[in-house]
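Visitor: As a plain string of letters, each chain reads:
Number of protein chains: 2
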Amino acid sequence: MIINTIEQIKDLTRGAVFLGTGGGGDPYVGQLLLQQEIRKGKYVKVIKAKDLADDAQVVSIAGIGAPSVLVEHLQSKDTCRQLLTKMEKQLGRKVNAIIPAEIGGLNSIIPMAVAAQVGLPVVDADGMGRAFPHLEMVTFSVYGSTAAPVCIANELGDSVIIEKTTSNRKVEDLARGICANLGAMVYSALYPMLGAEVKVKAVHDTLSYCLEIGRGIRLAREQLSNPIDGIMNILEQPKLDRHARILFEGKVVDINRETRDGWHWASVLMIPLNGKDDRFELEIQNEYLKAKLNGKTTCLVPDLITTLDLDTCEPLTAEALKYGQRLRIIGTAATPIMRRPECLAVFGPIGFGMSEEFIPLEDL
Amino acid sequence: MIINTIEQIKDLTRGAVFLGTGGGGDPYVGQLLLQQEIRKGKYVKVIKAKDLADDAQVVSIAGIGAPSVLVEHLQSKDTCRQLLTKMEKQLGRKVNAIIPAEIGGLNSIIPMAVAAQVGLPVVDADGMGRAFPHLEMVTFSVYGSTAAPVCIANELGDSVIIEKTTSNRKVEDLARGICANLGAMVYSALYPMLGAEVKVKAVHDTLSYCLEIGRGIRLAREQLSNPIDGIMNILEQPKLDRHARILFEGKVVDINRETRDGWHWASVLMIPLNGKDDRFELEIQNEYLKAKLNGKTTCLVPDLITTLDLDTCEPLTAEALKYGQRLRIIGTAATPIMRRPECLAVFGPIGFGMSEEFIPLEDL
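Each protein sequence line maps, in turn, to chains B and A. Going from the first sequence to the numbering used here is simple: count from 1 and add 1167. Going from the second sequence to the numbering used here is simple: count from 1 and add 1167.
Just so you know, these hints were derived from the structure itself, not from any lab. Any given hint could turn out to be false.
What the hints assert, rightly or not - Using 27 Å as the maximum straight-line C-alpha spacing, the simulated DSSO-like pairs for lysine-lysine come out as follows:
| no. | chain 1 | residue 1 | chain 2 | residue 2 |
| --- | --- | --- | --- | --- |
| 1 | A | LYS1253 | B | LYS1331 |
| 2 | B | LYS1261 | A | LYS1256 |
| 3 | A | LYS1337 | B | LYS1256 |
| 4 | B | LYS1244 | B | LYS1209 |
| 5 | B | LYS1366 | B | LYS1418 |
Stated by the list, open to error - Rough simulated footprint, nothing fancy, chain A against chain B, three-plus residues with beta-carbon under 8 Å:
| no. | stretch |
| --- | --- |
| 6 | 1332-1341 |
| 7 | 1471-1480 |
| 8 | 1501-1511 |
Stated by the list, open to error - According to the in silico footprint, chain B covers these stretches of chain A (three or more CB under 8 Å from chain B):
| no. | stretch |
| --- | --- |
| 9 | 1316-1327 |
| 10 | 1330-1344 |
| 11 | 1347-1360 |
Glycine included, C-beta positions come from ideal geometry on N, C-alpha and C.
Based on the sequences and whatever the hints tell you, model everything.
Guide: Okay, here's the thing in C-alpha cells:
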C-alpha cells in the first residue's frame, strides 16, 4: 500500500485519534509533517510484517512527552532523521524498515513522516493496536525485545543514548526523566528488532485498520443520515475477531482533572439526553481505562474506549472533553494477542493498579 | 610522584575530607578500592598538569549521587574501567590521563583507583580545589569545556550516554535524573579535554595539596601536644597565596537537617566551651557554604569551611555532625583562580542563591 494523498493522511489521523482511546497525543503535528513530505512528492510505502526479510533491521520512532506540551513544542524535521542515523551507528548496520510502537495518537503518524522523508518502508503493525502511556507497554517488550539502545533527542540537538538496562521499565523511567529535563517533549528511536521478531511479536495490520476506521468515519458522515451505523459495521465483524459496542450516548456533566506524577488523571461523569436516571463514568490515566454504567464496568483496558462527537462522529482526545459536550462512547475489543495473560500482566487492569480482573467487552 | 603505600592513601583520604568542606561524599569507598589495587602491587603515577602533552586526551571519572546512599550501594571494580572504554569509543581515541573533577570527598580517590587499575597517570589538578554539588561547578566548565559526552553506568551494567547538550547545567540536570533512576549512585566519565586545555583551565597542584594536608594532620597529631598549630602552619602561607583562620571552637547545640530536591540542607548552631555568649552558625547545602559569628559572616563559599574534631583534628563530613560534638572550625582561602569574577558567577554565593557578595576570608 502507498500513502501519498492528503485525504489518506487525514483519514489516518482520524483513525489514530480513535485508536488513541483518549490519549497518545494529538496526531496533528505528525499530520503536518507528513503532509509536508507528500506535498514535496514523497510517499510512504506500507509493507506487511509477513513480507519482511527475517534479518531485516526494524526500528520504532516515537515521541515521548506530555501531550499538552506537544503542540507548543514543535520538532525540527531533522530531529527524527538524525535519530535514525544515531541508531544505525549504535547497531552498526542500516535500518531497513520503521514500525510504529503505538498506532494510537501521535506515534502512528510520526514514523510515517520520517519514513517518507528518508524513503524507508513502514510496517503495517505496531506494539499495542492502540495507545498506552509507558514505553514498556508493548507486545515487543512482553515477548522479550529490549527497548535499548534508545536514542533520544530534541529539536535543540540535545542528545542522550540509553545504551543498556536490566529492564524496559527502567528505560521508561529514564526516558521520562530525560524528557522532563529536555523540554517535556523529545523524540526517540527505540526497540531495534529483526524482521523475524516483528513477525511473531507485533500486533499485525493495525496501520490498515487505522486507515479503515478513519476512512469509514469520513464516508459514513458523507453518505449516511446516521453515520454511527457505518462505523459500527467496520468495528463489529465477529468473523475477523472484531467486537464493538455503543457503551453510552449522553452529555458530560462533570470532569475532574489532575496532572500528577507526569500523568493526566481524570474522571468524567455523563448522563443520558432522554432524561433517564443513568450515570455513566469514564476513568482516565492519559488514556481511557474503564467505563462504568450505573457502577457496573462495561469496558476495561486493554479493550478500547473511544469518545465520538455525537453528531459528527469525530473522535476526541481526553484533553478535548468539556462540560456539556454531547458524546457517543464506543467500546472496541483489543486484538486477541493483546488479551493473552502475559500481555494483560503488563497492560491489563493490574498494570494500572486496578484490582479488577480483565473481562472481554463482549462478555460484559 | 608515585602513590603506592597504604599510609599515603589514608593521608589522601583525610585530606579529601578536609577539602570536601563537609560534602563531596565520604571517600571511604574510594579508599578501599585504591587499597585493593595497591595491595596487588599496582600504583598511581601522579603527573603535573604542565607536563601533559598539549594533545594528550584527558578525562574525568566521578561518582554522581547521594552521599548517604554511597556506602550502601557499592560499585563493581569494573564499572569505572568500562566507563573509560565507553568514553574512548565516543572520542575515537585512547585516553592518556585521568583528572579528578573535584579534589574534595569521594571524587578525589575514585579517579586514582581507576588509574591504578588501568595503568594511566593522574593529573595533579582538579576543577575546583574543593567539593561542589553540581557537575557544572568546575573551572573546566567556566572556561568553556563541555562535560559531554558523559558516559554513565551503575554496577548492574545499566548504561546511559549524554552525547551532546546546549549547556553543562543541562548535563547536570540530566545526570541527576538518570542517577535517581539507576539507584541513586552512579559513576561517570566526563569532561574530555586536551592537555593544552587542562593547563589553562584546571586548578593546579591540588592532589599534592590534599596529600600535604592529610599527612600534616597525621604528623601534627603524632608529634605535637597541640596539633592544630601544625595544621595552621600548612594552611596559612601567604607567600603561596594560602590564607586560613580558626573561625570557631565550641560545641554543637542544634542541628536542623532536611533532604529536599536531592540536596542535604542543614544549619548547625554552636556555642563556645568557655561560657561566653557567642553564637556560631554554619549553613549547609551538601557542602558548608557560610559561617557566621554572632550574625556576622566570617567565611563564604567558594572559600573553604572545614569541621575538625576538637581533640584529634580529624576532618568530619556534614553528615557526621551530632549534637554535643566538640569541633574546631577552619576557614581556608580558595585558590586565586576560584575567586575570579567568572568563577564566582557560577559557584560564588550567587550560584547558591545568596544575595551576599563574596568577600575573601582574609578581609572578613
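Visitor: Next step is simple, just say for each hint if it's right about the structure.
Guide: Checked hints:
no.: 1; hint: A:LYS1253 - B:LYS1331; verdict: 12 Å, holds
no.: 2; hint: B:LYS1261 - A:LYS1256; verdict: 20 Å, holds
no.: 3; hint: A:LYS1337 - B:LYS1256; verdict: 24 Å, holds
no.: 4; hint: B:LYS1244 - B:LYS1209; verdict: 14 Å, holds
no.: 5; hint: B:LYS1366 - B:LYS1418; verdict: 43 Å, violated
no.: 6; hint: 1332-1341; verdict: holds (count 5)
no.: 7; hint: 1471-1480; verdict: violated (count 0)
no.: 8; hint: 1501-1511; verdict: violated (count 0)
no.: 9; hint: 1316-1327; verdict: holds (count 5)
no.: 10; hint: 1330-1344; verdict: holds (count 8)
no.: 11; hint: 1347-1360; verdict: holds (count 3)
In summary, the numbered hints that this structure violates are 5, 7 and 8.
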